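Enquirer: Build the full structure now, drawing on both the sequences and the hints.
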Amino acid sequence: MLPCMAWKAGRVVIPVGPRGTSQTCAGRGERVVKALPEGFSVCPAYGYTAHHDVYASQVIPRRARSGPTGASGPPGVVPVGS
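Per the numbering used here, residue 71 is the first one in the sequence shown, and the count goes up by one each step.
Simulated from the structure, these hints should not be mistaken for laboratory data. Note that the coordinates shown come from a computational prediction; the quantities given were computed from them, not determined experimentally. Certain hints may be false.
[To be verified] Okay, the calculated beta carbon distance ranges per label pair:
1. G87 x V124: 16 to 24 Å
2. P114 x K78: 38 to 46 Å
3. K78 x G117: 37 to 45 Å
4. C74 x T119: 37 to 45 Å
5. A79 x A115: 31 to 39 Å
6. W77 x V112: 36 to 44 Å
7. V112 x P88: 15 to 23 Å
Yeah, the Cβ is synthetic: ideal placement off N, Cα and C, and Gly gets one too.
Expert: Following this line, the structure appears as structure tokens:
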């Protein structure tokens, strides 16, 4: 259903594996340290602190744009919601 709705809106759905998204810093891709209570983490590279869900919400679109090898995706492909 989602691919059909995206197609009608002129968008493309790009599947992204969720593994590790809440433990990866969106800024530099570093593995974050789960040192804080209540689901918050700190990036060891530059100290960015965010909730695990925030990290995941920032990493997933970046993965969709970068493709499976980390290279730029095909021209004109835009993740849903961007």
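Enquirer: For each hint, tell me whether it holds in the structure or not.
Expert: Each hint tested on the structure:
1. G87 x V124: 16 to 24 Å: holds (19 Å)
2. P114 x K78: 38 to 46 Å: Roughly 43 Å apart at Cβ, these two residues keep to the hinted range, so it holds.
3. K78 x G117: 37 to 45 Å: holds (43 Å)
4. C74 x T119: 37 to 45 Å: holds (39 Å)
5. A79 x A115: 31 to 39 Å: The hint (31 to 39 Å, Cβ to Cβ) holds, given that A79 and A115 are roughly 36 Å apart.
6. W77 x V112: 36 to 44 Å: Given range 36 to 44 Å: holds, Cβ gap about 40 Å.
7. V112 x P88: 15 to 23 Å: The hint (15 to 23 Å, Cβ to Cβ) holds, given that V112 and P88 are roughly 21 Å apart.
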